[in-house]
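> Chains A and B supply the protein sequences, listed in that same order.
105 is the number that full-length UniProt numbering gives to position 105 of the first sequence; each next residue is one higher, with no gaps.
512 is the number that full-length UniProt numbering gives to position 512 of the second sequence; each next residue is one higher, with no gaps.
It cannot be assumed that every hint is accurate.
A pair counts as met if it fits within one copy or between any two copies, since identical chains are not told apart.
Stated by the list, open to error - With a straight-line Cα cutoff of 25 Å, these simulated PhoX-like cross-link-like pairs (lysine-lysine) come out:
(1) Lys460 - Lys624
(2) Lys598 - Lys407
(3) Lys463 - Lys36
(4) Lys204 - Lys624
(5) Lys602 - Lys407
(6) Lys407 - Lys37
(7) Lys371 - Lys64
(8) Lys460 - Lys598
(9) Lys463 - Lys204
(10) Lys339 - Lys371
(11) Lys407 - Lys305
(12) Lys249 - Lys305
(13) Lys317 - Lys174
(14) Lys235 - Lys249
(15) Lys371 - Lys407
(16) Lys573 - Lys602
(17) Lys37 - Lys624
(18) Lys460 - Lys204
(19) Lys204 - Lys61
(20) Lys44 - Lys460
(21) Lys460 - Lys36
Calculated from the structure, these hints are not laboratory results.
Keep in mind it's a predicted model, so treat the numbers as computed, not measured.
Chain residues, written in single-letter form:
Number of protein chains: 2
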Amino acid sequence: MVGVSDHQVRDSNLEAGSTVVRISVPAVHSVCLPPKKSGLESAKHRLSEMFFPDDPFHRFKNQKLFERVVLGVQYFFPIFEWAPHYSLSLFKSDLISGLTIASLAIPQGISYAKLANLPPIIGLYSSFVPPLLYSILGSSRHLAVGPVSIASLVMGSMLEEMVSSTAQPVLYLKLAFTATLFAGVFQASLGFLRLGFIVDFLSKATLVGFMAGAAVIVSLQQLKGMLGITHFTGKMQIVPVLSSVFEHKHEWSWQTIVTGLSFLLFLLAARQISMRRPRLFWVTAAAPLASVVISTILFFLLRHKDHGISTIGHLQKGLNPPSANMLYFHGDYFGLAIKTGIITGILSLTEGIAVGRTFASMNNYQVDGNKEMLAIGVMNMVGSCTSCYVTTGSFSRSAVNYNAGAKTAVSNIVMASTVLVTLLFLMPLFHYTPNLILAAIIITAVIGLIDYSAAIKLWKVDKFDFLACMCAFFGVLFISVQIGLAIAVGVSIFKILMHVTRPNTIVLGNIPGTQIYQNIGSYSEAMRISSVLILGIEAPIYFANSNYLQERILRWVREEEERIQAKRENSLKCIILDLTAVTAIDTSGVEFILELRKTFEKRSLQLVLVNPVGDVMRKLHGSKVLESFGPNSLYLTVAEAVADISSAFKTHLCIP
Amino acid sequence: MVGVSDHQVRDSNLEAGSTVVRISVPAVHSVCLPPKKSGLESAKHRLSEMFFPDDPFHRFKNQKLFERVVLGVQYFFPIFEWAPHYSLSLFKSDLISGLTIASLAIPQGISYAKLANLPPIIGLYSSFVPPLLYSILGSSRHLAVGPVSIASLVMGSMLEEMVSSTAQPVLYLKLAFTATLFAGVFQASLGFLRLGFIVDFLSKATLVGFMAGAAVIVSLQQLKGMLGITHFTGKMQIVPVLSSVFEHKHEWSWQTIVTGLSFLLFLLAARQISMRRPRLFWVTAAAPLASVVISTILFFLLRHKDHGISTIGHLQKGLNPPSANMLYFHGDYFGLAIKTGIITGILSLTEGIAVGRTFASMNNYQVDGNKEMLAIGVMNMVGSCTSCYVTTGSFSRSAVNYNAGAKTAVSNIVMASTVLVTLLFLMPLFHYTPNLILAAIIITAVIGLIDYSAAIKLWKVDKFDFLACMCAFFGVLFISVQIGLAIAVGVSIFKILMHVTRPNTIVLGNIPGTQIYQNIGSYSEAMRISSVLILGIEAPIYFANSNYLQERILRWVREEEERIQAKRENSLKCIILDLTAVTAIDTSGVEFILELRKTFEKRSLQLVLVNPVGDVMRKLHGSKVLESFGPNSLYLTVAEAVADISSAFKTHLCIP
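The shape of chain A in the complex, shown without the other chains:
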C-alpha cells in the first residue's frame, strides 16, 4: 500500500532529560551499487544515450526483413509514409495554402536574393527546386521552404566583406553556390553523425537578441532602396550605415521616399490585420504580391517619365540552369566559402528545425531533428548544383502556410509549381517592379523578428539569459553578425561552466514531524539537527569545482561552529553530505571526498555520505574511497542517516 509507513521500531535508549524514551527510527536501507556492466556495455549504453536519445530504430524491432526495408525507405523518404493515404480533401487544403505561400514566396524570394547581394532570379530558383526536394525528404507537414532573411543577410554580409558583388559578380555568385554546397554538406553531416545537439547551443535567448539585431541591420540596409541612395556603404554595422545615409543626404529622392513609405505603411497595416485576426491571414499573405502588382502597373504607366526610381529591369525567363560548374574549390576565397557555408548552414538549420518543431508540437506529431538536418542538407547540396542559394524552412511563410490550412508537404509542391509558371512565363512582368517595393517587403518581413516581449520575459525570468540576448543584439549591431553570434554563444557556454564551477551548496534542515529534509534558506520551518550539519551539493563534482567545494564546505563548517558557539549548543560532531543532486563525479571529485574525510577526521568530525546516485556510487566504489570510510558512513536517505547517527552518539536530538 502506498504511504503505509511500516518503520521498524528499534529500541534506542536516548536520554530525554532524565527519562528513557523509546522512539521509532526508520529501518536503514543500504545504498546499492548499480548492476555491473562491462566497459563495452557501458560505452554502448552511453553512446546510444548520446547519439540516439529518441531510439530511431525502435520501429524496426520485431519486424520482418521486407517490412524493415519499407520502414527504412519511409524513414529516409517520408513521402512514402503519407502519400499512400493522400486524399482529395487534403489536396484542397494544400492547394489553397500552397497558392497563398507562393504569393508570398515570389516577392520575398526576389527581395531576399537582393539581401544576399545576388541577382533577384536566384531567389526564385531557390523557391523552386528546394521545396520540391523537401516535400520528398522532409518530415514536417507545415514547413514552407525557400530563402530566408537571416541566412541571406549573413551570406551577403560575409561574402561582401571580401568580394564585391558589383565588381566581381561571377566570382561572388560562385562563392555563394560553393557556400551553399558547404552549408548542405555541413547540415547533412550533422544529421548523419547525429550531432544535431550542436544546434542547441544557440539558445532561444541568444536567438532573440541575434534576430532582433539582424532585423535592425537588415532594415537599415533597406534605407538604400527606401531613400533612393545610389552610393551606399558596403558595411553592415549600424554606425557606418547611418553615417552613410546622412552623408548622402543630397541623393535622397522625395519621389522614392513618398512611394516607398506609402507601400511600407500599406504592408505594415496588412500585417497588423492578421496579427489581430488570425483568420484574415490571407490579407497579410496577399499584400506583398498586391503591392508588387500595383507598383509594377504604376511604374509601367510612368515608364516614359523621369521619376528617378530604380526598377528591377530585365529578368531572364526559364528554369534553374545547372550550376555545378560554378562551384569553386581552390584559390584565395575557398576558406571564405567554407566559413560562410558553415555559419549560414547552422543558422538556417536552427531556423528550420525550430519552425518544424514548433508546428509539430502544435499538431502533436514529432519531427526528428537529425533526420530533418539530413533533409535540409541534401536540399542545399542539390540546390547548390541547380543555381539555388541557402534555403530552409521560413518562419513567416510556414506560419502563413499553417494558418492557410496546409496539411502535408504538397503545399510546397503547389508553391514550387506556381514559381515554375512564374519562371517560365511571367518573368518579363517584373521589369518595371521598383526596387523600393522589395525594400518595403523586406522591412515588413523582418520587423516581426524583433520580439521585445520575449526580451522582457528573459529579463524577468533569468538575468543571465537576458545578458546573452543583449550581447547578441549589440554584437550584431556594432561589431558584426558572426562576432555577435560568437559572443552570445560564448556567454551561454560561460554560464554553463560557471554553474559547474561555482555550484550551489545548501544547508538542509528537518521539516518537523516528517522525514523530509529541505533547504533551510527556503523553508523557514526546517530545523537544524543538533550536533549535525547537513549539506547538500547541487552539482556534479568535477575538477573544475572540487577546490571551490572544499573551500565552501569548510566555510559552512566554520560558520556552523561559530553559530553553535554563539548559541552555546552541543558541539558539532558529524557532517552529512547529501549527494542526491550530485549527478556525476570524476577523479578529482573522488579525491575531494577523500580529502574532505581526512580533513574532518583531523578535527574529530565524522563525514557521512547520503544517496550517491548510480554512477557516483560506482566511481566511489571503484576508487576504493568508501573502504576508507568507517561503518555507518553511507545511507540512502538523510532521515535514516540522522536517525542512525543520533542513536550512535546517543545524544538527545532537539527536534521539537
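Dock chain B against chain A, hints included.
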C-alpha cells in the same frame, strides 16, 4: 523527535479487490517559494558566492579599526602572523631543511636555466630573490620556491620556436624577463580579481598526462648532454628529437656516455633510497650536489687532457643585477612574450597552488588560493626586474623541505642565504662542472613526474578522464607543449558540456515498505507504480539540453506505454517529474516544462512536478508557468505526490 513518523491518516476509499481499505497517506507539504530577494541582493549574494567562497573578510567582522589594520597587514604579509611567535627550536628545523633544499636548489637552478635555454647563472639568481619575497608574502609553510622544470621547459620551447637563444642571446634574455613580468602580472591579477578558479580548469587528469609528456620531452632533450651531441635539433617533439639523435650518431662520445650514465645511475639509486625509506631523504637531497662536487673535482684534475666532455665554463660572481632595463615592450616579439608569460604563468601557478594545498592539508592548515596567486605574481613581477625568470613552488624540493622538517618560510630564507654565499664566493668552482651532470640531474628530477600509477587509476575510475590525460600526453609528445595542453583542457570542458547536453534521466520506483523512491535500474527491489511513470532528471535544464530532454522523456513515455500494453496493466495516467537534481533552469528550460505539459495534455496525461529547488522554483513561479498547471501538480516529495494522485484517480496502486 527525529524519525517519529506522524503521518496524517486520511480516509481514502480505495478499492482493494472488493473491500474498502483505510490506508495512511503522508501529509502533503507544499513547495515553498524561496524568500524574495531584490535583484541587487541576489546579485550581491551570487557575486560573493562566485568570488569570495571562503569569505576572506570573516576575520575582520566585529573587530576594532586597529585590529582590522593589523589583520589586513597580516593578510597581505603573512610573515607578520608567524614571525612574532618564531622560536629557536623552530629555527633549528628550518636551518636544517633550508640547507638541505639549498643543496638541491643550486644544481637544479643551474640545470633548469639550461632547460629554458638561459645562462646557468639566471637559475641561481632565480633561487635567491623569489624565495626571500615568498617568505614575506606566502602563506604556505613548506613551499620551496625557485625555478621548476615544467615552466622552464615551456618557456624554453615557446621562445626558442621564434628566437634562437644562441644566435640572439640578448633578445632571448629580454623576452624571458618580459615573459616573466607578464607571468607575474597575470598571476597577480588572477589573484586580485579572485579568478583563481581558472587554474582549476587544468584538471588533475590533464596534469598527469601533461607532466608525463613534458618529462619525456625534457628527458629526450637531455640526450644532447648525455650523448655529447653538438649539432642538436631546436625542436621539442619526440619525432624530430629522436631522428636528430640517430642522424648525429657519429657525434656520440663514449666518454660522455659512460660518465653520464654512471652519474645518472648514482642519482637514480639515491632517489630510490628515499622513496623506499623516507627518513633517508637527505641521501636524495645531497646526491645532486655530491655529483656536482665529485664530477667537478674529477674534471678539474682531468683539465689538461682532451676528454671531449663540455663543461659549464666561466661564471660571473656577484648578486642579481637589475634587469628592468631589459624588459621589452614593443616590436615583433612582444606578443610572443605575453603568450609565453600567460602560459608559463598559469602552469607555474598550478604547480605552486597544488603543492601548497597538498602540504597544507597534510598539516591541517589552509592556503588561500587567490592570496597565494597574488604572492607568486608579485614574486615574479619583482623577479623580472632582478634578473630572475619564472619561479614557483617546486614539488620535488617542497617534498624534501617537508621531509627535512621545515616548519616555516624561514627555510626559504636559509636557502636564499646559501645561494647568496654561492653567488658571492663559490661561482668559480663551477667552471669545471660538466654539462652532462646537469642533464643527469634534470632527468632524475623529471622522471618522478611520470606517474603511471595515477594514469592506471584514472582508467579504472573514469575513462573520460583517462582520455583527457592521454590527449595531453600524446599532444605534448607529438604536437607541442601548448597545443597538448589546449587539447586536454578542451577535452575536459567538452566533458562538462557533454554532461549538461546529454543529462541522465532515470525511472524511479518505490522501495517497498518505505517512502523512498529510487532508480529502478540500480535498485532491483524498487517497484513501478501502476498508471504512474516517475522520471528523475539528473541535470540542470538548459537551452543546451531542453530539446534532448523532450525527446528522451517522450521516449520513456512511449516505452512505458509499450511495456504496459505488453503486460496488460492499467493504462498510463500521470507522469511525475522529480526535479530534486535539477539544480538550475533557464528560460529554455522553463519553456520545456511548459511544452511538456501541453504535449502530455493532448495525450490526456497529467504532468506533476516534485521538489523544484529554490532557484528553479523561483523561475517557474516568475515565468508564471506554474499557473498553467492545475491544482495537485506540485509536491515536495515523490511519496506525497504518488499518494495524493493515487487517491485522486482512485485506482488501486499495486505496491505489494
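> Hint by hint, note whether the structure agrees.
Do the hints match the structure? See the list:
1. Lys460 - Lys624: between (47 Å within a copy, 11 Å between copies)
2. Lys598 - Lys407: between (66 Å within a copy, 21 Å between copies)
3. Lys463 - Lys36: between (43 Å within a copy, 16 Å between copies)
4. Lys204 - Lys624: between (43 Å within a copy, 18 Å between copies)
5. Lys602 - Lys407: For lysine 602 and lysine 407, the Cα distance is within 25 Å only across copies (19 Å; inside one copy 71 Å).
6. Lys407 - Lys37: neither (47 Å within a copy, 49 Å between copies)
7. Lys371 - Lys64: within (23 Å within a copy, 69 Å between copies)
8. Lys460 - Lys598: Only across copies: lysine 460 and lysine 598 sit 23 Å apart there, 44 Å inside one copy, limit 25 Å.
9. Lys463 - Lys204: within (14 Å within a copy, 33 Å between copies)
10. Lys339 - Lys371: within (23 Å within a copy, 44 Å between copies)
11. Lys407 - Lys305: neither (48 Å within a copy, 98 Å between copies)
12. Lys249 - Lys305: within (24 Å within a copy, 90 Å between copies)
13. Lys317 - Lys174: For lysine 317 and lysine 174, the Cα distance is within 25 Å only inside one copy (21 Å; across copies 70 Å).
14. Lys235 - Lys249: Answer is within; shortest intra-copy Cα gap is 18 Å, inter-copy 61 Å.
15. Lys371 - Lys407: within (20 Å within a copy, 66 Å between copies)
16. Lys573 - Lys602: Classified as within; 12 Å inside a copy, 53 Å across copies.
17. Lys37 - Lys624: within (18 Å within a copy, 43 Å between copies)
18. Lys460 - Lys204: within (15 Å within a copy, 39 Å between copies)
19. Lys204 - Lys61: Neither: 36 Å inside a copy, 44 Å across copies.
20. Lys44 - Lys460: Answer is between: at 17 Å across copies they meet the 25 Å cutoff, but 42 Å inside does not.
21. Lys460 - Lys36: Between copies only: 14 Å across, 46 Å inside.
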